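K.L.:
Chains as they are written, first to last, in the working numbering: chain A, 1 to 360; chain B, 1 to 360; chain C, 1 to 387; chain D, 1 to 387.
Keep in mind that the hints were calculated from the coordinates and are not lab data. What you are looking at is a predicted structure, and each value in this text was computed from that prediction instead of being measured. The beta carbon of each residue, even a glycine, is placed where N, CA and C say it ideally should be. Possibly wrong hints are sitting among the right ones.
Ranges of calculated distance between the beta carbons of each label pair, as one might list FRET restraints [claimed, not checked]: (1) D:R356 / C:K345: 43 to 53 angstroms; (2) C:D293 / B:K20: 41 to 51 angstroms; (3) C:D245 / A:N309: 27 to 37 angstroms; (4) B:K105 / C:Q136: 32 to 42 angstroms; (5) A:A203 / C:G387: 23 to 33 angstroms; (6) C:E328 / D:R356: 38 to 48 angstroms; (7) D:Q136 / B:V231: 54 to 64 angstroms; (8) D:G291 / C:R230: 43 to 53 angstroms; (9) B:K200 / C:E328: 43 to 53 angstroms; (10) C:Q247 / D:N343: 47 to 57 angstroms; (11) D:G291 / B:E294: 57 to 67 angstroms; (12) C:D293 / D:E12: 38 to 48 angstroms; (13) B:T4 / D:R356: 44 to 54 angstroms; (14) A:L32 / C:R230: 48 to 58 angstroms.
In silico DSS-like pairs for lysine-lysine, Cα to Cα no more than 25 angstroms straight-line [to be verified]: (15) D:K237 / A:K33; (16) B:K27 / C:K286; (17) D:K321 / A:K20; (18) C:K242 / B:K158; (19) C:K237 / B:K38; (20) C:K321 / C:K345; (21) D:K13 / A:K101; (22) B:K330 / D:K321; (23) D:K99 / A:K21; (24) D:K321 / D:K184; (25) B:K358 / D:K242; (26) C:K198 / B:K217; (27) A:K159 / D:K13; (28) B:K101 / B:K12; (29) A:K217 / D:K29; (30) C:K198 / B:K25; (31) D:K29 / A:K27; (32) D:K52 / A:K200; (33) C:K99 / B:K21; (34) B:K101 / B:K21; (35) D:K110 / A:K27; (36) D:K99 / D:K29; (37) D:K321 / A:K101; (38) D:K99 / A:K158; (39) C:K263 / C:K286; (40) C:K52 / B:K228.
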Amino acid sequence: MCPTDVGPPDFKTMLPDVIKKNYGKWKYHEILKPGVMKHVAESGDELYTVRAGSPKLVSTDFIRDLCNVADKYCDGHLRFTSRYNPEFLTPKKENVEPIIKELNKLGLPVGGTGSGPGACLSNVIHTQGWIHCHGAASDASGIVKALMDELYDYFVGKKTLPAKTRLSLACCLNMCGAIHASDVAVVGMHTRIPNIDHEKMRAMCEIPTVAASCPTKAIRRHPDPNIKSVVVDETKCMYCGNCFTVCPAMPLANAEGDGVAIFVGGKVSNARKPPMFSRVVVPHLPNNPPRWPEVVNTVKHIFEVYADNARMGERMGEWIQRVGWERFFKLTDLPFPVQLIDDFELARDTFRSTTQFKWT
Amino acid sequence: MCPTDVGPPDFKTMLPDVIKKNYGKWKYHEILKPGVMKHVAESGDELYTVRAGSPKLVSTDFIRDLCNVADKYCDGHLRFTSRYNPEFLTPKKENVEPIIKELNKLGLPVGGTGSGPGACLSNVIHTQGWIHCHGAASDASGIVKALMDELYDYFVGKKTLPAKTRLSLACCLNMCGAIHASDVAVVGMHTRIPNIDHEKMRAMCEIPTVAASCPTKAIRRHPDPNIKSVVVDETKCMYCGNCFTVCPAMPLANAEGDGVAIFVGGKVSNARKPPMFSRVVVPHLPNNPPRWPEVVNTVKHIFEVYADNARMGERMGEWIQRVGWERFFKLTDLPFPVQLIDDFELARDTFRSTTQFKWT
Amino acid sequence: MEDKTPMVDELEKGPWPSYVKELKRAAKKHDSVKDLIKVQERSFQRKMTQWKHGGIVGVKGYGGGVIGRYVQNPEEFPNVAAFHTMRVNHPSGWFYDTKALRTICDIWDKHGSGMTNFHGSTGDIILLGCTTEELQPTFDELSEHGFDLGGSGSDLRSPTACVGPGRCEWACFDTLGLIYDITKTYQMELHRPPYPYKTKIKASGCPNDCVAAIARSDFSLIGTWRDNLRIDQNAVKEYADKKFDIQRLVVAKCPTEAIELVKGKLELTHPEDCVRCMHCINLMPKAIRPGVDTGATILVGAKAPIIHGAVLSTVLIPFIKVQPPYTEIKQLWEKIMEWWDENGKTRERLAELIDRMGMPAFLKAIDVEPCPQMVNTPRANPYFFWG
Amino acid sequence: MEDKTPMVDELEKGPWPSYVKELKRAAKKHDSVKDLIKVQERSFQRKMTQWKHGGIVGVKGYGGGVIGRYVQNPEEFPNVAAFHTMRVNHPSGWFYDTKALRTICDIWDKHGSGMTNFHGSTGDIILLGCTTEELQPTFDELSEHGFDLGGSGSDLRSPTACVGPGRCEWACFDTLGLIYDITKTYQMELHRPPYPYKTKIKASGCPNDCVAAIARSDFSLIGTWRDNLRIDQNAVKEYADKKFDIQRLVVAKCPTEAIELVKGKLELTHPEDCVRCMHCINLMPKAIRPGVDTGATILVGAKAPIIHGAVLSTVLIPFIKVQPPYTEIKQLWEKIMEWWDENGKTRERLAELIDRMGMPAFLKAIDVEPCPQMVNTPRANPYFFWG
Ligand code: SRM
Ligand code: SRM
Ligand code: SRM
Ligand code: SRM
Ligand code: SF4
Ligand code: SF4
Ligand code: SF4
Ligand code: SF4
Ligand code: SF4
Ligand code: SF4
Ligand code: SF4
Ligand code: SF4
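In isolation and in its complexed conformation, chain A is listed as follows (with noise of 0.2 angstroms):
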């Protein structure tokens, strides 16, 4: 019998030894430039990161040749970030060029770090898309390649941005990796009501269960009382999949009506101004396989606005709170459709209760 709930590896057995030794005691840090990081402990210890992008969909050979680079130059230990990132640690100042070098050799960009004046990009937070997901409106790691390869210069940092940007993807609006509050988040929308399968729903679905499931009571019994299934009411769906997650035979899967939708200007962090949460701003863009262009050139567009607009050290969020919606919708020349519009639960607070804003 095997062991059970050993539960994960204890992470102090994973630490390289400079920092089990100047563990909790570090005084400051530096950026030495992109992908580079120096951290200096009270002990005077140095440590320096290499950090590298990552597809996050990666072969076991991809990770054995990180352990080659690890085995190396940082003594057998590496460690990822929490947006996938590998980082290569080495107290040792002269091993920094020759791990950018082997990463480059392996095809792997090295940058991501930063914020404020002169921020890298880093990587995408995103999902699996029609590699496995049953709920995908979208692709994931095909159209984040598509996006890294346009917007690979800001992760390397040969062009930057006026802070902290963090891109995300989500191929549903499930919103796995918790996209709703990046400054640029791509989501997967389904546009069309679940395209019922009555032989499924008989085998497999409860329809109490199922009609309960919706949030906006767009579902009721089929009105043929012979046809033991449901149906959708148009005018009430919202696509939101609910339905499908608890019962299989409510696809919404539809190859013209999928697509994905943008939402820009969140934040985590709780510099300066409190998280906030990402606004859509295009409600809907085609599938466009393998490339992605429309949504590719909306994303990149929108980069390259803030990047002219925004105030050094300015999140987008921040940038956009400091010139309004309206300014943003001029700049980016993006059109205003109803559906920005809330009105969902919280709408009301959504809305503009003062005669301030601008003529644009």
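Add chains B, C and D with the ligands to chain A, keeping to what the hints say.
P.N.:
Just chains B, C and D with the ligands now, with coordinates in the frame of chain A:
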């Protein structure tokens, strides 16, 4: 047969000559002293205004008194403000002091003007209370008199405030006067469930209508089918009085439970900050006629703390927004009972979703 | 019932003008007010209202304008057994000549209690306390003298306007003219409740909003301008010379950094950023004025808390010219009323209906194009409809 | 099915590291990934997912940790007919030695597809693509080598921590230690779904919140301090000497005007106003540091949009000391879980339950005193309960 639908008199017939002549062509104004303004027209014409306080609930003789003053000094013209204050208008500067003298002789204070540096308190917007309304959880005229006796110096400008400060009162949470956006609002509140008169219920109300009127679904049919009436669930009733509005058999008045709540920090104007709602800071103070000492002292105390701490030109809500509510409670030394935490429909948006706060 | 009213008497004292003094003046002529004072004393003793729930009374041909009121103990207080109030509509801007005022006073002393609210918080002249029999004669006489009732019940309530062009240099449109016109045009809607609930219109000449339209009217018109505010540098210099701290009190408080002091001159360096908040104008009325391409912003949906919490008006039309005969404004209002009337439940105000049906549905129904000025932020949730 | 995958191949190009390249590397060893590439091509062609809705699979004794997945057309893609993912819990802070990593790789090449997510967005090592039969052997071998599963289903999900004391000078408590301890303590809750729905715990060492706890955990611990931040004036001078614009970039952006430049010195002139936003510290890490009386703020209730819109965590405990054995924190969490478990409906997250029952009811149930730090503003509506 008498005429109907004649509509109100045409305001144009009521205007003094200087206004007729300069209608829409005013250039600037000055506040000469508390209660006295000078408006200058493009034409160079001058218009002097003297503003007096009024108890709103007045006799015809009071109005005749005002008319006497207007006849003597204002060519028989006067107006009232949106806060019930009579204003005496004259192109003659030399009439200003005599008008003030006459008004003072009548026992009427002159003041209530100004904003920014050196603002006076204006009149209290208020409602009917026990003088006339069936729903009043507190009085109106009585408590306002008690308040203004104490705050008198702020009206006449012996004491000034950092900025415009609007004090309002409503005798139940219907909030006649829409006092929900006042710097300080006193609101009559019930705290006991309706006292059902089963007899009256049968005679005067339709049970389904009564039940439907309750926003929290606290009302259901009386369990005894012989009693054609309803019962109220104590745990759900929020004493809103909506049932009483539709059915006279459900009065909420209760000598022990009734009292007032204090709301602060609202504003209406769009100057600097957008309009804001007032917020509950004291959920309950007892009715203690004729002078409501608890209420008067609390309001006065809030005025004083505000005057001592806000910056010049800062409305109460602007000040609180700058320093934070935790600081407001610290400075006023008011307790923070759980009733102040929202649990109504948009409650979510009032929670603090950031680590930014003060220890106080 | 004791005739002594010690608690009420207490409120004759003190510096602020006393409503008790007013009651006592009226009581000299009117027995009803004698009883009213006793009723007030009783309320003070019992800490409760002594009035019964409503009752439908009114005048011929009208559905509103009167609030029925009966005392709880008519045996004890027979003179206020029925003590209704009458809402009399006011001239826009609450301007009067003394002749008109004296006329009202005389009529009211003849038929009613001689007590009034000058004014009620919607803006009407409230004639406080009338028997059922005297309602019609009072109305008839008022009507003969050119006065009419205000609103009550599920009707359009008496519209109000700030003093505006009557005395204020900042009025961006003719608030008084507009409101008088609207009041006259919609007498029918004012006097014969046709709607699911009450509805209110208020007009303020500039964003200072001196009638609090944004807080308490279903349809708010607030003056604004599309061009740049005007600055008179000579006057700026006068302020500076008088040691008025322009930087700290004015420039630093501009919400959008639109205005700056540049070498002693006050300049609107970022005119496109000015949100017309009025602050700089308010503080330097001799030096700064609104622009000349003026009009109004229309906002909708303010109301008091019952039932879903208080609501402030929200922007519907960022800019509209306001000129007689006000056709566009009236058509818009009528379209809104039609939608509300068709879809609103009893006692559901416009804001509540918009919340229930959604702002997008509302815009579509009244055929108004969405624009970013309508919102503080676009939605954060992903739940929107197509088709 | 055509073997050509031109659309997928397109994504081998370009500067950003390519997941397609990774797929192709794994495909050399694993037939399943050959099919996976074709499935991806098919998705691109059809613009739709090719996967079926879930299916309950797992390993013995566990209720979570595996996501069942079946392809829609197993005839065409037999090697991914069943293609489940396994969530393997990570060492706190995602620290590894290469030995551990190579072990995982070897086990995964032996039993599964050789494809992974390093990491998933909750923080697990995602082993992507396993047949039903191989699940148990994979688990057994992982377990033998000291790895265990992460969460899935209605359980506690794998808790995560920022790198904290491991490398960051701002860590106000031992994020890694706490999260490791919590993870070990609650293995039961992690592996055998006991709750109405999923629940998450995340810990960030300071308000920068580098694991986004405030956005995505039902129970968020975020480091903070109660005393004053520390300033080293010599280091301030160095920044100034290097022409770093302290006034514009730091002082002017303090949200509360707590910090000021006074004669070249950077002074926390209003320490009581500092809201510990980290901004000044972030910009001048050599000169400014958090205080020394450190601990955490506990916030509750973050979640993604389904069903009532996304929620950010809200302050529950302004300050708590975070020290082993973390008894107080655990007791609090357990009380919250108990209340949620008792009252929550299926698929109702903590935040939604708080919204439904009301924050006051929640506070009462878990016996926490209300304080102003919990709210941005007190309520505006008058609807509160007594008794
Ligand atoms: C490594 C990592 C923590 C970990 O445990 O893995 C980390 C590490 C650091 N963060 Fe972070 N942050 C990390 C994710 C985050 C996140 C979460 C996320 O991105 O999903 C946030 C919140 C993002 C947001 O607000 O939306 C985050 C908000 C910050 C901030 C606040 C920036 C701001 O102005 O809003 C700082 C301060 C700064 O950089 O000035 C910061 C600062 C830092 C410092 C400088 C802390 C230190 O002294 O060591 C570290 C280097 C930052 C850098 O990249 O320049 N870290 N940091 C994460 C790296 C992710 C990556 O690969 O890019
Ligand atoms: C694998 C992963 C995405 C990824 O590529 O990284 C993922 C994948 C799925 N998530 Fe997730 N979620 C993943 C992190 C998240 C996060 C982020 C986090 O935990 O920090 C969130 C937002 C935070 C939160 O919990 O609110 C998240 C919010 C959801 C939701 C919405 C939950 C809600 O209450 O709003 C669902 C829907 C559900 O549970 O029915 C969901 C459901 C799912 C399911 C199980 C689909 C389903 O409906 O059954 C997905 C399985 C995909 C597949 O085929 O493998 N996933 N999911 C992440 C887990 C990897 C890991 O363990 O490390
Ligand atoms: C007479 C009146 C209009 C009327 O049609 O009756 C009026 C008249 C003026 N208002 Fe007002 N306001 C009047 C009610 C209001 C209201 C409504 C209310 O109080 O219920 C408001 C909104 C209050 C709020 O925001 O809560 C109001 C917000 C302002 C403001 C904005 C002040 C601010 O900083 O927020 C100004 C500008 C100023 O005073 O600097 C202003 C300025 C003015 C000016 C200076 C306009 C002018 O150039 O003539 C007038 C003299 C003001 C004074 O009292 O110092 N008026 N003003 C109202 C007098 C009421 C009273 O008796 O006190
Ligand atoms: C007389 C007056 C108070 C005063 O002393 O000034 C008043 C008195 C009453 N109001 Fe009011 N309201 C008065 C202005 C207002 C205002 C202010 C305004 O119009 O600008 C409001 C807030 C604005 C709004 O409409 O939202 C207001 C919001 C209410 C409400 C709540 C309406 C809502 O939708 O939230 C009710 C409850 C109702 O209609 O059932 C109400 C109901 C009432 C009733 C009719 C009581 C009832 O439930 O039947 C009161 C009759 C009292 C009596 O015995 O005479 N009254 N009421 C005001 C009318 C005088 C006038 O015509 O000039
Ligand atoms: S975001 Fe939606 S589609 Fe994508 S992995 Fe999560 S649940 Fe699946
Ligand atoms: S997708 Fe959502 S809104 Fe539409 S029927 Fe399903 S549960 Fe209801
Ligand atoms: S606030 Fe309430 S009690 Fe007072 S007059 Fe209005 S409806 Fe009557
Ligand atoms: S007072 Fe309000 S909450 Fe209470 S029973 Fe009546 S309608 Fe319901
Ligand atoms: S709202 Fe504007 S225009 Fe009207 S009186 Fe007030 S300040 Fe003047
Ligand atoms: S009106 Fe307001 S926004 Fe415009 S410049 Fe003046 S202060 Fe600034
Ligand atoms: S959250 Fe704070 S302590 Fe943790 S890594 Fe980020 S900056 Fe450092
Ligand atoms: S931590 Fe933030 S609030 Fe505190 S002094 Fe620094 S910038 Fe200001």
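K.L.:
Determine for every hint whether it applies to the structure shown.
P.N.:
Here's how the hints hold up against the structure:
1. D:R356 / C:K345: 43 to 53 angstroms: Violated, since D:R356 and C:K345 (Cβ atoms, about 24 angstroms apart) do not stay within the stated range.
2. C:D293 / B:K20: 41 to 51 angstroms: 26 angstroms, violated
3. C:D245 / A:N309: 27 to 37 angstroms: About 32 angstroms separates the Cβ atoms of C:D245 and A:N309, which means 27 to 37 angstroms holds.
4. B:K105 / C:Q136: 32 to 42 angstroms: At roughly 39 angstroms between Cβ atoms, C:Q136 and B:K105 fall inside 32 to 42 angstroms, so the hint holds.
5. A:A203 / C:G387: 23 to 33 angstroms: 30 angstroms, holds
6. C:E328 / D:R356: 38 to 48 angstroms: 45 angstroms, holds
7. D:Q136 / B:V231: 54 to 64 angstroms: 59 angstroms, holds
8. D:G291 / C:R230: 43 to 53 angstroms: 51 angstroms, holds
9. B:K200 / C:E328: 43 to 53 angstroms: Cβ of B:K200 to Cβ of C:E328: about 50 angstroms, so the range 43 to 53 angstroms holds.
10. C:Q247 / D:N343: 47 to 57 angstroms: 56 angstroms, holds
11. D:G291 / B:E294: 57 to 67 angstroms: This hint is violated: roughly 40 angstroms between Cβ atoms.
12. C:D293 / D:E12: 38 to 48 angstroms: Because 58 angstroms falls outside the window, the suggested range is violated.
13. B:T4 / D:R356: 44 to 54 angstroms: 52 angstroms, holds
14. A:L32 / C:R230: 48 to 58 angstroms: For A:L32 and C:R230 the Cβ distance comes to about 54 angstroms; the hint holds.
15. D:K237 / A:K33: 23 angstroms, holds
16. B:K27 / C:K286: Holds. B:K27 to C:K286 sits at ~8 angstroms (cutoff 25 angstroms).
17. D:K321 / A:K20: Satisfied, since the Cα-Cα distance of roughly 23 angstroms is no more than 25 angstroms.
18. C:K242 / B:K158: 23 angstroms, holds
19. C:K237 / B:K38: The given pair, whose Cα atoms are some 21 angstroms apart, holds under the 25 angstroms limit.
20. C:K321 / C:K345: 33 angstroms, violated
21. D:K13 / A:K101: 21 angstroms, holds
22. B:K330 / D:K321: Given that 25 angstroms is the threshold and the Cα spacing comes to 23 angstroms, the pair holds.
23. D:K99 / A:K21: 21 angstroms, holds
24. D:K321 / D:K184: 20 angstroms, holds
25. B:K358 / D:K242: 33 angstroms, violated
26. C:K198 / B:K217: Distance ~24 angstroms between C:K198 and B:K217 Cα, so the pair holds.
27. A:K159 / D:K13: Cα-Cα ~21 angstroms, so holds.
28. B:K101 / B:K12: Violated, at about 29 angstroms.
29. A:K217 / D:K29: This hinted pair is violated, its Cα atoms lying about 49 angstroms apart.
30. C:K198 / B:K25: 35 angstroms, violated
31. D:K29 / A:K27: 46 angstroms, violated
32. D:K52 / A:K200: 12 angstroms, holds
33. C:K99 / B:K21: 21 angstroms, holds
34. B:K101 / B:K21: 28 angstroms, violated
35. D:K110 / A:K27: Violated, because 44 angstroms separates the two Cα atoms, which is more than 25 angstroms.
36. D:K99 / D:K29: 21 angstroms, holds
37. D:K321 / A:K101: Violated, at about 44 angstroms.
38. D:K99 / A:K158: Not OK: D:K99 and A:K158 at ~35 angstroms, beyond 25 angstroms, violated.
39. C:K263 / C:K286: 20 angstroms, holds
40. C:K52 / B:K228: 22 angstroms, holds
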